[in-house]
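K.L.:
Sequence:
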Amino acid sequence: MHARFVRGAVRSAAVVAAVTGTLTWAPAANAQPSEPTPSASATVADTPAPDAGSVEITTKDTAGDGLPGAAFLLLNSAGQEAGHGTTDAQGKLTFPDLAPGIYRLKETASNSPLHEVVADQDVIITPGVTTRLTITDPFKAAKVLLQAKDDKTGKLLPGATVNIGTGTSTLLILTTGDKGTASGELPVSSRNMEFWVKQVKAPAGYDRYKPSKTFTAGPGAPVTVTVTNTKTATSPKPHPSDKPTSKPTGTPTPADTPGDGTGGVKPSAPDTGTADADSSSTAATAPDSDSSPPTPAGSLAHTGADATPWIAAGAGILVIAGVVTLVAVRRRTTTESEPDDNSKTN
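Quick note on numbering: the sequence shown equals residues -31 to -1, 1 to 315 in mature numbering (1 follows the signal peptide of the UniProt record, and there is no 0).
For the record, the hints were derived by calculation from the structure and aren't laboratory data.
All figures in this text were calculated on a predicted structure; none of them were measured in a lab.
Beta carbons: idealized from backbone N, C-alpha and C, even for Gly.
Treat the hints with caution; some may be incorrect.
[As the list claims (entries may be wrong)] With beta-carbon atoms standing in for the labels, derived distance ranges:
#1 G187 <-> N45: 34 to 44 Å
#2 W165 <-> K124: 24 to 34 Å
#3 G123 <-> G153: 15 to 25 Å
#4 A32 <-> A68: 52 to 62 Å
#5 E154 <-> A32: 13 to 23 Å
#6 A78 <-> T185: 23 to 33 Å
#7 T185 <-> I71: 41 to 51 Å
#8 E85 <-> T199: 38 to 48 Å
#9 D91 <-> T199: 48 to 58 Å
#10 T55 <-> E154: 19 to 29 Å
#11 T195 <-> D66: 52 to 62 Å
[As the list claims (entries may be wrong)] Below are the DSS-like pairs computed for lysine-lysine, each with C-alpha atoms no more than 30 Å apart in a straight line:
#12 K124 <-> K167
#13 K75 <-> K112
#14 K179 <-> K121
#15 K109 <-> K200
#16 K121 <-> K170
#17 K118 <-> K167
#18 K75 <-> K118
#19 K121 <-> K182
Could you build the full structure based on these sequences and the hints that come with them?
P.N.:
Set out below in structure tokens:
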């Protein structure tokens, strides 16, 4: 009886609920959690992430040889480290699993006493692609010390300028300072290079060193280059006794100086470098003396020295004439005395 009553009460409650529309399980429904269902979470987890990229570095020198042990640092666009490492025995290094974007690559050490590090550079990482870079570390420059010296005393000379180069290219220009030296860095592209040196300007008071010298230099090695100069030859200074004087050094004679027609001595006029026609015309208009004939126009003026041969010739003629006269007189005397001797005989 009691069981029937319970079943009837349950039926009555179900009928009332159906009629009034009230959900008796509403509190239980409101207690369900608000997180997504397991099926929604799986959908989000299955969304694929962007593909990663990588960068592969190969480090060499200018001769093409790999450089092991070179150290690199990789920074992302925010300046944060994205990786670091050193090259292997073949000079290779790889940075894997990099998100696409722009990175900054820095070489922090070359691990070689002969090589310099390269400048920083940007690297673009593309999704799913390996970016390959070849880094060429340059050789360290050779350190050159230039000296200019006096070839006799070895004194260092300032103001000497030289060009240094290889082939047809000038790589370095140096000028010695107050101490007679100059220094600079000479770029090299191999472990041993030959260079030429040519002086283009000599120190003051010296002749330019004209030969072209050669020398060998290596990466990072110091080398000294010396050029020698000879003093410029100078003309000797005139001796005080060599200076011309305005006073005559001796007394002129008539044979050396033409007369003035009064028996006095007339000094010779200095040579002014004018044409001979001027002096000849003067001599033609001013006769020398009564015994000397006038000088023909257009000829050089005659001096006493020019008349000496004529005087000697005249003296010779006079001597000959005297001899001839003496012979004639003796013959005449002999002829006149012959009749007297004949008359005495008869």
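K.L.:
For each hint, tell me whether it holds in the structure or not.
P.N.:
Now for the hints, and whether the structure bears them out:
no. : hint                      : in the structure
1   : G187 <-> N45: 34 to 44 Å  : 39 Å, holds
2   : W165 <-> K124: 24 to 34 Å : 25 Å, holds
3   : G123 <-> G153: 15 to 25 Å : 23 Å, holds
4   : A32 <-> A68: 52 to 62 Å   : 36 Å, violated
5   : E154 <-> A32: 13 to 23 Å  : 20 Å, holds
6   : A78 <-> T185: 23 to 33 Å  : 28 Å, holds
7   : T185 <-> I71: 41 to 51 Å  : 44 Å, holds
8   : E85 <-> T199: 38 to 48 Å  : 41 Å, holds
9   : D91 <-> T199: 48 to 58 Å  : 57 Å, holds
10  : T55 <-> E154: 19 to 29 Å  : 28 Å, holds
11  : T195 <-> D66: 52 to 62 Å  : 59 Å, holds
12  : K124 <-> K167             : 20 Å, holds
13  : K75 <-> K112              : 26 Å, holds
14  : K179 <-> K121             : 17 Å, holds
15  : K109 <-> K200             : 38 Å, violated
16  : K121 <-> K170             : 19 Å, holds
17  : K118 <-> K167             : 15 Å, holds
18  : K75 <-> K118              : 46 Å, violated
19  : K121 <-> K182             : 19 Å, holds
When held up to the earlier numbered hints, the structure conflicts with 4, 15 and 18 and fits the remainder.
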